[in-house]
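Asker: From just these sequences and the hints, can you work out the full model?
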Amino acid sequence: RVSMDDFGTGYSSLSYLRSFPFDKIKIDQSFVRASIDDPNSMAIVRAIAALGQSLGMTTTAEGVETEEQMARIVADGCTDVQGYLISRPLPPDRIVDFLRSHQSKQDLDSAS
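Each number in our numbering corresponds to the 1-based position in the sequence shown with 54 added.
Simulated from the structure, these hints should not be mistaken for laboratory data. Any given hint could turn out to be false.
[Unchecked claim] Lysine to any residue pairs mimicking SDA-like chemistry, simulated, CA-CA at most 20 Å apart: (1) K78 to V56; (2) K78 to R100; (3) K78 to T112; (4) K78 to G110; (5) K78 to S108; (6) K78 to M58.
[What the hints assert, rightly or not] What follows is a set of in silico ranges between Cβ atoms, one per label pair, in the way DEER data are often shown: (7) H156 to F74: 30 to 36 Å; (8) Y70 to I90: 26 to 32 Å; (9) A104 to V150: 31 to 37 Å; (10) R154 to D91: 33 to 39 Å; (11) L68 to V128: 21 to 27 Å; (12) V150 to Y70: 32 to 38 Å; (13) A97 to E121: 18 to 24 Å; (14) P75 to V128: 23 to 29 Å; (15) P93 to I149: 33 to 39 Å; (16) A101 to F74: 16 to 22 Å; (17) A101 to A125: 28 to 34 Å.
Virtual Cβ for every residue (Gly too), placed ideally from N, Cα, C.
Answerer: Okay, here's the thing in structure tokens:
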């Protein structure tokens, strides 16, 4: 699987989407963070999510830190999120426990 990281900044351009077999577009956190207060950033996030969907790619919103951002990002069509709201970076020896704990919470939410 190949991801285009920090889409919308630097060398991440539309022409690369045609040239390489990407599976995922990762939306730069600068757009995600600004999307709550800035209509232009919100429109960019929405457009990138729609582009990803049209091309059969998943879209990851980077830098999600609040429930409000999460709700907005999901409503805008992003398929995945990444950021401190989910978890701070973890050392390798703690990842399995984190995933087990997270799965247990999802199972409880599904049961209620």
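Asker: Does each hint fit the structure? Answer for all of them.
Answerer: Hint check results:
Straight-line distance between C-alpha atoms of K78 and V56 comes to about 7 Å, which keeps the hinted pair within the 20 Å bound. Note on K78 and R100: the hinted pairing holds, with a Cα-Cα distance of about 15 Å set against a maximum of 20 Å. Of the pairs offered as hints, the one joining K78 and T112 holds, with about 5 Å between alpha carbons and a cut-off of 20 Å not exceeded. The suggested pairing of K78 with G110 holds, with an alpha-carbon distance near 9 Å, which does not exceed 20 Å.
For the suggested pair K78 and S108, the alpha carbons sit about 12 Å apart, so the restraint of at most 20 Å is met. A threshold of 20 Å between alpha carbons decides the hint, and for K78 with M58 the separation of about 6 Å falls inside it, so the pair holds. Checked against the hint of 30 to 36 Å, the pair H156 and F74 passes, with Cβ atoms roughly 31 Å apart. The supplied range of 26 to 32 Å is met by Y70 and I90, whose beta-carbon atoms lie about 28 Å from each other.
In this structure the hint that A104 and V150 lie 31 to 37 Å apart at CB holds, the actual value being about 35 Å. For the pair R154 and D91, the beta carbons lie near 36 Å from each other, so the given range of 33 to 39 Å is met. Checked against the hint of 21 to 27 Å, the pair L68 and V128 passes, with Cβ atoms roughly 24 Å apart. Between V150 and Y70, the C-beta spacing of about 34 Å keeps the proposed range 32 to 38 Å intact.
Evaluation of the 18 to 24 Å hint for A97 and E121 yields a pass: the beta carbon distance comes to about 22 Å. Hint check: P75 to V128, Cβ distance near 27 Å, so the stated range 23 to 29 Å holds. Remark: the range hint 33 to 39 Å for P93 to I149 is upheld by a beta-carbon distance near 37 Å. Taking the beta carbon of each, A101 and F74 are about 20 Å apart, inside 16 to 22 Å as hinted.
For the pair A101 and A125, the beta carbons lie near 19 Å from each other, so the given range of 28 to 34 Å is not met.
When each numbered hint is compared with the structure, a violation occurs for hint 17 only.
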